[in-house]
Amino acid sequence: MSPNEMSPETMTLFSPQLAARFDALVLKYPLKRSALIPMLLYAQDEIGYLSDAVVAEVAERIGITELEVRNVASYYSMLRFKPVGKYNVQVCTNIVCMLRGAYGVFESFQEELGIGHKGVTSDGVFSLEEVECIGACCWAPAIQVNYEFHDELTAGHVPGIVAGYRGRALAEGTPTHA
Amino acid sequence: MPRLVSHPDEVKIVTRRFGMGAEKIDRYLKLGGYEAAKKCLAQGPDWIINEMKASNLRGRGGAGFPTGLKWSFVPKQNPKPKYVLVNGDESEPGTCKDHLIFLHDPHAVIEGTIIAGLAIGAKMGFIYLRGEYRHLLEIMEMAVADAYAKGFLGKNIFGSETEFQIVTQTGAGAYEVGEESALMESLEGKRGIPRIKPPFPAVVGLYGGPTVINNAETIATVPHVIEMGAAAYSATGSPRNGGTRLFCISGHVARPGVYELPMGYNLKKMIYEVAGGIRGGRTLKAVVPGGSSTPVLLPEEIENLGMDFDQVGKAGSMLGSGGVVVIDDQTCIVEFALRTMSFYQHESCGWCIPCREGTDWLKKSLTRFHAGFGVAKDIDNIQYLAENMMGRTFCPLGDAAAMPTLGFVKKFRKEFEDHLNGKPCPFAKQNKSELVEML
Chain A
1 MSPNEMSPET MTLFSPQLAA RFDALVLKYP LKRSALIPML LYAQDEIGYL
51 SDAVVAEVAE RIGITELEVR NVASYYSMLR FKPVGKYNVQ VCTNIVCMLR
101 GAYGVFESFQ EELGIGHKGV TSDGVFSLEE VECIGACCWA PAIQVNYEFH
151 DELTAGHVPG IVAGYRGRAL AEGTPTHA
Chain B
1 MPRLVSHPDE VKIVTRRFGM GAEKIDRYLK LGGYEAAKKC LAQGPDWIIN
51 EMKASNLRGR GGAGFPTGLK WSFVPKQNPK PKYVLVNGDE SEPGTCKDHL
101 IFLHDPHAVI EGTIIAGLAI GAKMGFIYLR GEYRHLLEIM EMAVADAYAK
151 GFLGKNIFGS ETEFQIVTQT GAGAYEVGEE SALMESLEGK RGIPRIKPPF
201 PAVVGLYGGP TVINNAETIA TVPHVIEMGA AAYSATGSPR NGGTRLFCIS
251 GHVARPGVYE LPMGYNLKKM IYEVAGGIRG GRTLKAVVPG GSSTPVLLPE
301 EIENLGMDFD QVGKAGSMLG SGGVVVIDDQ TCIVEFALRT MSFYQHESCG
351 WCIPCREGTD WLKKSLTRFH AGFGVAKDID NIQYLAENMM GRTFCPLGDA
401 AAMPTLGFVK KFRKEFEDHL NGKPCPFAKQ NKSELVEML
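First to last, the sequence lines map onto chains A and B. So the first sequence is numbered by the numbering used here: it starts at 1 and just counts up by one. So the second sequence is numbered by the numbering used here: it starts at 1 and just counts up by one.
Keep in mind the hints are simulated off the structure, nothing from the lab. From the three backbone atoms N, C-alpha and C, an ideal C-beta is built for every residue, glycine too. Possibly wrong hints are sitting among the right ones.
Interface residues of chain B toward chain A, partial, derived using beta-carbon atoms under 8 Å [to be verified]:
hint, residue
1, Glu90
2, Thr95
3, Gln169
4, Gly173
5, Lys190
6, Gly251
7, Gly257
Start from the sequences and build out the full structure, keeping to the hints where you can.
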């Protein structure tokens, strides 16, 4: 084993809690590999994105190649190989949200944050994305900020939502993913 | 938080515990929870399957396959481990019912999974939620942990010799994974691409073992069927369409929401009475009756239309996933068709060429068309492309993209023609103000 390789027993990129969670996760399924997608999600939640080091450690833990990890990860919309803002604003513009004014909401976020689709603010606090249906059609238009839903929105709600998360970022200190 | 709605015409069976704190196990037990699972444990697999057959419950994911029949396809003698897989990957635009089930009644999903496991002789069930539903996964995880603590899950469920384990997880953003074979691939830690059928999952499914895959709403309905009795449940609906359905009424209605109505309930009444009619005093232009992949219906087609699998099928569309999307007279159908196709183009997994290429070409054609650069033969070309996707892919996603497009072009041809030859979109706001200035 070369010095650059990590073994889960000796060192890990992840917090002790997450490493312990991963140890349990691979035992939960009839096949270890079933843990791959949940593991990538939780790794991304903690590290911010699927860095080369994350891919390497996940491959090691599952017992597959890094190429196989990338092949699977590249399929799923929520998994990413680049950092985003501490708060990733995902505006659904699919048919129902569109009918109820989602593009107005999206434009309002663009103005308020000064970034476009897939943009990240210079302080690293926010990123913005137009996304497909998030399963909140009866409460449209809806968005998700990380995993939190906000529904029945108008463009007028946007400054308040942004201010709320900006306040949280300040209270929690500098963004971790910038 | 998603707003809960109600209407006097609702028959609350699956939603009867919504908003009552039933996500807590003690509350769920007080409200009669886990009695159905205990009864099924005592009665045995044949009784369960017969009850499910008699209930006329049909799959709520979209295809409407009879649940009892599906369960009966699992071979009893197969030596491989059998599995139950609950599809909570709810991703069909217009659909948000599983969202409420996981939020308000997670134990109903667990109990339904146990019953399905008892019926087919599985020792393990998986509940797979879409990746965006992380907060709902946490509610499910809590509920599963509570069920283990009470001994309802584990090596000896309800103190019996029977074992049943449940594993919960989410996906990571992929519409295609809602298709049953792609769902199994995803659960095995792979890209969500479909498998060729046959073999069907009931014979060769997850990890190669016989697998029953049901939609989360179907599974959450199962304990209620057992509780009420198959005959009473079936009688709630229309012929061959047992029970109620969670209709997600969305779009341009005054009171959008998830309403539980008997199968066969009139669509016009659903829009005008239950959901309060078209908002802002506008008129109805079109309805997408069962999620974005179902062909659009015109106002004159819904007059006497009962919402069940057979009647909507006869009307040339599908009941699908229960997502009723209501469109008013100020909406551009070409733009709506384009947004629908952008979705399918984004979500096509790329495995089958007719879907991968077809959705891309259709999106390009519709984009050009909506921008005013279409020519007359494009309309026929859009129809030709869509027709050639139908039935030529491993999974139903190719059809799901083609069917609504065909509906839009056939039923709104005039509106497509109105976009021809550089004419501005008749519905675009900026164009309207330009027109006013020109006048």
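Consistency of the hints with the structure:
no. : hint   : in the structure
1   : Glu90  : 5 Å, holds
2   : Thr95  : 7 Å, holds
3   : Gln169 : 5 Å, holds
4   : Gly173 : 3 Å, holds
5   : Lys190 : 6 Å, holds
6   : Gly251 : 5 Å, holds
7   : Gly257 : 5 Å, holds
The structure fails none of the hints (numbered hints given earlier).
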